[in-house]
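Participant: Sequence:
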Amino acid sequence: MKALITGGAGYIGSTVATACIEAGIETVVLDDLSTGRPEFGEGRNLYVGDIADRELVERIAAEHPDIDVVVHCAARIVVPESVKDPLGYYDTNVGKTVILLSNLRRVGIVRVVFSSSAAVYFGEGGEGVDETAPLAPSSPYATSKAMVENILADAARAGDVRAISLRYFNPIGADPRLRTGLQNPTPSHALGRIMQARAAGEPFTITGTDWETRDGTGLRDYIHVWDLALAHVAAVQRFDEVATASDPYQVINIGTGDGVTVRELVAAFERVTDQPMPVIEADRRPGDQAGAYAIVARAASVLGWRSERSVDDGVRDALAWAEKLNTLG
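Following full-length UniProt numbering from start to finish, the sequence shown increments by one per residue and tops out at 329.
If you're looking for bench data, these hints aren't it; they were derived computationally from the structure. Just so you know, not all the hints are guaranteed correct.
To be verified - With a straight-line Cα cutoff of 20 Å, these simulated EDC-like cross-link-like pairs (lysine to aspartate or glutamate) come out:
(1) K324 - D85
(2) K84 - D288
(3) K96 - D160
(4) K96 - D85
(5) K84 - D283
(6) K2 - E22
(7) K2 - D68
(8) K2 - E241
(9) K2 - E63
From just these sequences and the hints, can you work out the full model?
Facilitator: Okay, structure coming up:
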């Protein structure tokens with residue numbers, strides 16, 4: 001079995017590639033390296049270029065005619081940035097995906113595993129959501145994910161593709177063996193900002209303390225990136241059982257099934273580092289939501305997958321990777 005992984009030199013894509021290789025799935029990586037690291041593609045049939053480049057996709061298909069499935073991870077992913085640059089996000093995440101899908105169809109690759117996001121859900125109370133929960137994306141980034149899901153669903157109904165959208169929640173951590181991790185030394189997610197505050201000797205700023213959650217701070221379902229990668233492996237291995245000819249489009253939540261508030265994330269950071277982490281409070285940011293956690297019964301029944309690692313594991317591996325990243329430069 002062979003998988004083409006778009007964005008496979010990035011954080012999630014590279015970890016998915018590692019998990020695929022360990023499971024005996026050969027990988028081909030397509031990445032423009034705008035944010036990815038070239039060493040993440042070493043030994044993985046790396047092609048450097050744009051997902052919307054028709055000639056490049058045709059060359060990859062010609063040189064790897066045995067590609068069975070595409071895992072589409074390539075995207076811009078920073079919520080505040082998407083609020084400032086919505087056209088850029090729609091162009092990259094939606095427009096180029098349409099071109100990619102058209103080119104894949106042209107070369108006969110019809111299986112797609114899409115990296116979607118829990119940001120598509122309506123998350124005003126920190127509640128659990130299953131795959132039938134209302135959608136209400138609150139940022140251009142989230143809307144771009146919902147739009148691609150709709151495109152895949154329509155294309156699947158038309159017989160152009162079969163697809164599985166993995167709506168995953170909030171990845172943290174790194175490959176436990178530290179082969180890959182966050183390529184961005186200053187990530188904008190909550191754990192990244194906690195780590196940056198600690199490194200600068202400053203308090204961490206909690207943005208938003210008036211949400212309808214158990215302690216007023218935003219709630220997320222923090223899934224270890226290695227667990228997330230194993231969910232992709234399961235989707236690839238079981239693809240034909242899940243996205244069938246008669247039911248060709250499927251949506252599956254990928255999370256831990258439990259929510260963690262920002263204050264609780266700070267507490268986990270303190271447990272792992274065995275040091276206090278001072279905090280200050282500020283207003284909500286544009287595009288923020290209270291959040292939600294995943295109801296994951298479908299992933300268990302359809303993919304035979306459940307998360308195994310804790311939020312403390314994620315914090316520990318994130319810190320270890322950050323230390324290694326400093327040495328890599």
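Participant: Indicate, hint by hint, whether the structure satisfies it.
Facilitator: Okay, the hints, checked on the actual structure:
With a CA separation close to 32 Å, the supplied pair K324 and D85 exceeds the 20 Å bound. Only pairs whose Cα atoms come within 20 Å are accepted, and K84 paired with D288 is accepted, the gap being roughly 14 Å. At most 20 Å may separate the alpha-carbon atoms for a hinted pair to count; K96 and D160 meet this at roughly 17 Å. Only pairs whose Cα atoms come within 20 Å are accepted, and K96 paired with D85 is accepted, the gap being roughly 16 Å.
Distance hint between K84 and D283 is fulfilled; the C-alpha atoms sit about 18 Å from each other, no more than 20 Å. A hinted pair counts as satisfied when its Cα atoms are at most 20 Å apart, and K2 with E22 qualifies at roughly 13 Å. With a C-alpha separation of about 6 Å, the suggested pair K2 and D68 falls inside the 20 Å cut-off, and the hint holds. For the proposed pair K2 and E241, the alpha carbon gap of about 17 Å is at most 20 Å, so the pair holds.
Taken as a hint, the K2 and E63 pair is honoured in the structure, with Cα atoms around 12 Å apart against an allowance of 20 Å.
Of the hints listed earlier, the one the structure fails to meet is number 1.
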